[in-house]
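Peer 1: Chain order of the listed sequences is V and B. For the first sequence, the positions run 1 to 696 when the numbering used here is used. For the second sequence, the positions run 1 to 81 when the numbering used here is used.
Any given hint could turn out to be false.
Stretch-level coverage of chain B by chain V, calculated; a stretch enters the list once three of its residues show a Cβ under 8 Å from a Cβ in chain V [to be verified]: (1) 16-23; (2) 44-57.
A short list of chain B residues far from chain V (calculated; beta carbon distances all over 12 Å) [stated by the list, open to error]: (3) Leu5; (4) Ile6; (5) Ser7; (6) Ala10; (7) Phe11; (8) Leu26; (9) Ile29; (10) Gly32; (11) Gly34; (12) Ser36; (13) Gly37; (14) Ala40; (15) Ala41; (16) Glu64; (17) Ala80.
Just so you know, the hints here were simulated from the structure itself, not pulled from any lab data. Where a beta carbon is used, it is the ideal one built from N, C-alpha and C, also for glycine.
Residues per chain, in single letters:
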Amino acid sequence: MLKPEKMVKVAVVGSKGKLSLASEILYRMNLLHIESPSETEDFKIGTPSEKAGQISRSLLQLRSYISYLKLDPGKISVKRKFSKREIEEKLSKKLSEYQEEIGRRLEELKKINDTLKSLEAERSTIEPLKVLGVPPNLLKGYRTIKCFVGFVKADPVEEVRKITSDFDLIIKNFEDQLVLALFVKTEHAGEVYRVLQGFGYKEIAVPDVDYETRISEISRMEEELNERRKKLEVEIEELKVKEADLILAIEEYLSSEVEKAELPLKTLVSKHTFVIVGYIPAKNAESFKKELEAKNLVVEQLSFEEHEMPPTKLNNPGFTKNFEVLSKTYAIPKYKEIDPTVLMAIFFPLFFGLMLGDMGYGFLILLTSLYLKTIFKTEGWQKLLNIGLACGLTSIFFGFIYGEFFGPFVIPGSENPNEVHFIGDTLAALYAFNHGHPIFDRVEEFGVKALLFIVLMIGMFKMLWGFSMGFYNVYVEHGFKEAILEKGCWIFGVLGLVFLIFGFSYNLGIFTSPPPGGFGEILPKNLFVYGNTVMEAKAVPLPIPGLVDGWQAGLNYFYLATLPLIVIWLVIFLKAEIPKMGIFGAIMAVELLTWFGQIISYARLLAIGLSSVYIAFVVNYLSLKIGLEPGMAILPLAVVIMLIGHFGNFLLGILDPGLQSLRLHYVEFFTKFFEGGGKEYSPFGRVKKFIEDGGE
Amino acid sequence: MVEALISDEAFIKGCAAIGAGLAVGLAGIGAGAGESGIGAAAVGAIAEDRGFLGLGLLFTVIPETIVIFGLVISFILMFAY
Numbered sequence: 001m002l003k004p005e006k007m008v009k010v011a012v013v014g015s016k017g018k019l020s021l022a023s024e025i026l027y028r029m030n031l032l033h034i035e036s037p038s039e040t041e042d043f044k045i046g047t048p049s050e051k052a053g054q055i056s057r058s059l060l061q062l063r064s065y066i067s068y069l070k071l072d073p074g075k076i077s078v079k080r081k082f083s084k085r086e087i088e089e090k091l092s093k094k095l096s097e098y099q100e101e102i103g104r105r106l107e108e109l110k111k112i113n114d115t116l117k118s119l120e121a122e123r124s125t126i127e128p129l130k131v132l133g134v135p136p137n138l139l140k141g142y143r144t145i146k147c148f149v150g151f152v153k154a155d156p157v158e159e160v161r162k163i164t165s166d167f168d169l170i171i172k173n174f175e176d177q178l179v180l181a182l183f184v185k186t187e188h189a190g191e192v193y194r195v196l197q198g199f200g201y202k203e204i205a206v207p208d209v210d211y212e213t214r215i216s217e218i219s220r221m222e223e224e225l226n227e228r229r230k231k232l233e234v235e236i237e238e239l240k241v242k243e244a245d246l247i248l249a250i251e252e253y254l255s256s257e258v259e260k261a262e263l264p265l266k267t268l269v270s271k272h273t274f275v276i277v278g279y280i281p282a283k284n285a286e287s288f289k290k291e292l293e294a295k296n297l298v299v300e301q302l303s304f305e306e307h308e309m310p311p312t313k314l315n316n317p318g319f320t321k322n323f324e325v326l327s328k329t330y331a332i333p334k335y336k337e338i339d340p341t342v343l344m345a346i347f348f349p350l351f352f353g354l355m356l357g358d359m360g361y362g363f364l365i366l367l368t369s370l371y372l373k374t375i376f377k378t379e380g381w382q383k384l385l386n387i388g389l390a391c392g393l394t395s396i397f398f399g400f401i402y403g404e405f406f407g408p409f410v411i412p413g414s415e416n417p418n419e420v421h422f423i424g425d426t427l428a429a430l431y432a433f434n435h436g437h438p439i440f441d442r443v444e445e446f447g448v449k450a451l452l453f454i455v456l457m458i459g460m461f462k463m464l465w466g467f468s469m470g471f472y473n474v475y476v477e478h479g480f481k482e483a484i485l486e487k488g489c490w491i492f493g494v495l496g497l498v499f500l501i502f503g504f505s506y507n508l509g510i511f512t513s514p515p516p517g518g519f520g521e522i523l524p525k526n527l528f529v530y531g532n533t534v535m536e537a538k539a540v541p542l543p544i545p546g547l548v549d550g551w552q553a554g555l556n557y558f559y560l561a562t563l564p565l566i567v568i569w570l571v572i573f574l575k576a577e578i579p580k581m582g583i584f585g586a587i588m589a590v591e592l593l594t595w596f597g598q599i600i601s602y603a604r605l606l607a608i609g610l611s612s613v614y615i616a617f618v619v620n621y622l623s624l625k626i627g628l629e630p631g632m633a634i635l636p637l638a639v640v641i642m643l644i645g646h647f648g649n650f651l652l653g654i655l656d657p658g659l660q661s662l663r664l665h666y667v668e669f670f671t672k673f674f675e676g677g678g679k680e681y682s683p684f685g686r687v688k689k690f691i692e693d694g695g696e
Numbered sequence: 001m002v003e004a005l006i007s008d009e010a011f012i013k014g015c016a017a018i019g020a021g022l023a024v025g026l027a028g029i030g031a032g033a034g035e036s037g038i039g040a041a042a043v044g045a046i047a048e049d050r051g052f053l054g055l056g057l058l059f060t061v062i063p064e065t066i067v068i069f070g071l072v073i074s075f076i077l078m079f080a081y
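Isolated chain V, as found in the complex:
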């Protein structure tokens, strides 16, 4: 948790004859992440074993069938597993059977498709001629007459007449074009051809067939071929259903054999020995060593140096594992870095719920996720849908707090919940708690103000937290001084900003006025340096000397605390930047404004939610007005508006909070501490899906 799994570097050494045995064992254990070695004087990279070539040819052929059959191992749930022995026995027989049964049929299908295409092309030349109604022997074979047969866009008769009056023209409509046969004397042929080109002339090659008979022949052939094609497709489909498991099992077997046979490419070999260097998780080191040493192979634990980078195996417990897909999209953490997946697992659904916050939509997300979980069985989908479940639950939780079920059911200023919600009275009665519900109403003024402040607090907290973790990461890698210069100074800077925001809020009366002006009197009212009152300070929330008259009134102790923090930040910052960038380093100090912007950016937690609340509210209000007395009383229209409105809002409600929550992590949080750039742990071996474990 929070750290990738600990790795140890090992070398597996043995006599050359045992390499294939070693590859069998290593493949089965599926533990060793093998590093690509570099050759030395005595140790060269090995050559793949002889059978590799033949196996990969068979594999290639099988995979081409698999892609024709559209068999996706990720999408197929396993009905039956095969033992390795069974596959080895059947292998050659089945491969030739597939070549016969599937390969032959696929080839025939391809041939049929080609023939169909050429028949179609032929038909498209004959049909216009049939419309023209001139038999083929009259369209060619003249000595002194040139006959043009083809498509044109418009009737060229006027233009042709300008050249010669001695011609004969037959022209007919065919679909959206014109088809013509034009007879002219050969001496005019060149000029007429140029004219025809101006009309977009496309020539038709006249075949020596009787149109009627040929067309009926084509139709008959097409019918036959289509029938044959259908039959072949049904046969292939039957084979696919029957053999899917075995085909995929054979594919799995062959690819594992190929990988094993190619292990020497990652191995260093001398005259008599081989060495494989790689990483394994530390917790498996003991058993790994024991198992290999039982077969007379030597396992030597190596120490790795500072600059070496072991592979990263993310190590997250239980439910948080689902969120690895989200953090990995950003980057894979380096071996020594903090892995933010667990934090993501906590805050992603929390932010999502905070934004969406609606029991109705939450239930919908929950139910949809549960339903889709029964359909999409692959690991990736299951993980994604588990994230959906978490988000649904938090949405319900926050929906309960906000008092929203497909939109808010209590609106301040409206006495009658039934006016703003289709089951408003029921909901209001259900959750009444002596009118204590909603617990926190984000629709009215105080709610917005309070939530804005709360989400900014979350922003400041996460900003500081992010920098603290960045501090830790740099401290681990480069030591204390670097950490202070690179990340520590920003902690002071952001802390300064935090006090600045608090000072501003204090002047607005957030901590001193009773609701709806603020949270009530949670701080004393006399925190002003010049002894002013809250009322006076409200006029100058941002006291900037020289810019605002009477700025003294707004100067409170929060602002006073801001000053030294900013000074400390600036001193450290300049100390870090000036040696690197010279005087331009000082300009970089404007970066502090970026962090200010990023704190404010957390206001989206409020904003996205508010937009979704108001859309739901408008949909409810509108449909109630349309559907019931004393409104228009057109109930069906109201129902349609309500369904469409809520469906659209629901889709937006998944997309937007999801994206924005992700973005708050990637942009505002991860950038403070998470560099990434690690390589993922991918051990030699494979998790078997279609082949039984053991039996080797």
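Here the structure of chain V is known, so what remains is to put chain B in place on it, guided by the hints.
Peer 2: Just chain B now, kept in the frame of chain V:
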């Protein structure tokens, strides 16, 4: 003329409301202009590689912060006056 019809307080309140509207609206236009370029590029990238969908969507929403700034300003305007 105006002074005769409405009070100073109402006038300030009205101006603040207009300002709040402008803050969100103009920021929205800015963010939209920013997103248009990113969105087009993202769609192009997704057309080449479906796997880019998640990241592309994410890039597209990055300029939305600008609207949030506008929104915060509008809140402050509405609360302060």
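Peer 1: Next, verify each hint and record whether it holds.
Peer 2: To see whether the hints hold, each was checked on the structure:
Counting residues of the stretch 16-23 of chain B whose beta carbon lies closer than 8 Å to any beta carbon of chain V gives 0, which falls below the threshold of three, so the coverage claim is violated. Requiring three or more residues with a Cβ within less than 8 Å of a Cβ of chain V, the coverage given for the stretch 44-57 of chain B holds, as 3 such residues are present. For Leu5 (chain B), the shortest C-beta to C-beta distance to chain V comes to about 25 Å, beyond the 12 Å cut-off, and the non-interface label holds. With a cut of 12 Å on Cβ distances, Ile6 (chain B) stays outside the contact zone with chain V, its closest approach being about 21 Å.
No beta-carbon of chain V is positioned within 12 Å of the beta-carbon of Ser7 (chain B); the least distance is around 18 Å. Interface exclusion of Ala10 (chain B) from chain V stands, the closest Cβ pair being 18 Å apart, more than 12 Å. Its beta-carbon lying about 17 Å from the closest one in chain V, Phe11 (chain B) satisfies the requirement of being farther than 12 Å from that chain. Every beta carbon of chain V lies more than 12 Å from that of Leu26 (chain B), the smallest distance being close to 16 Å; the non-interface claim holds.
Residue placement check: Ile29 (chain B) keeps its beta carbon more than 12 Å from all beta carbons of chain V (closest about 17 Å). Interface exclusion of Gly32 (chain B) from chain V stands, the closest Cβ pair being 15 Å apart, more than 12 Å. With a cut of 12 Å on Cβ distances, Gly34 (chain B) stays outside the contact zone with chain V, its closest approach being about 14 Å. Separation of Ser36 (chain B) from chain V is adequate, the least Cβ-Cβ distance of about 17 Å exceeding the 12 Å criterion.
Distance check for Gly37 (chain B) against chain V: the nearest CB is about 18 Å away, which clears 12 Å, and the non-interface claim stands. For Ala40 (chain B), the shortest C-beta to C-beta distance to chain V comes to about 18 Å, beyond the 12 Å cut-off, and the non-interface label holds. With a closest Cβ-Cβ approach of about 17 Å to chain V, Ala41 (chain B) is found to remain outside the 12 Å limit, as its non-interface label requires. Not every beta carbon of chain V lies more than 12 Å from that of Glu64 (chain B), the smallest distance being close to 7 Å; the non-interface claim is violated.
For Ala80 (chain B), the shortest C-beta to C-beta distance to chain V comes to about 6 Å, within the 12 Å cut-off, and the non-interface label is violated.
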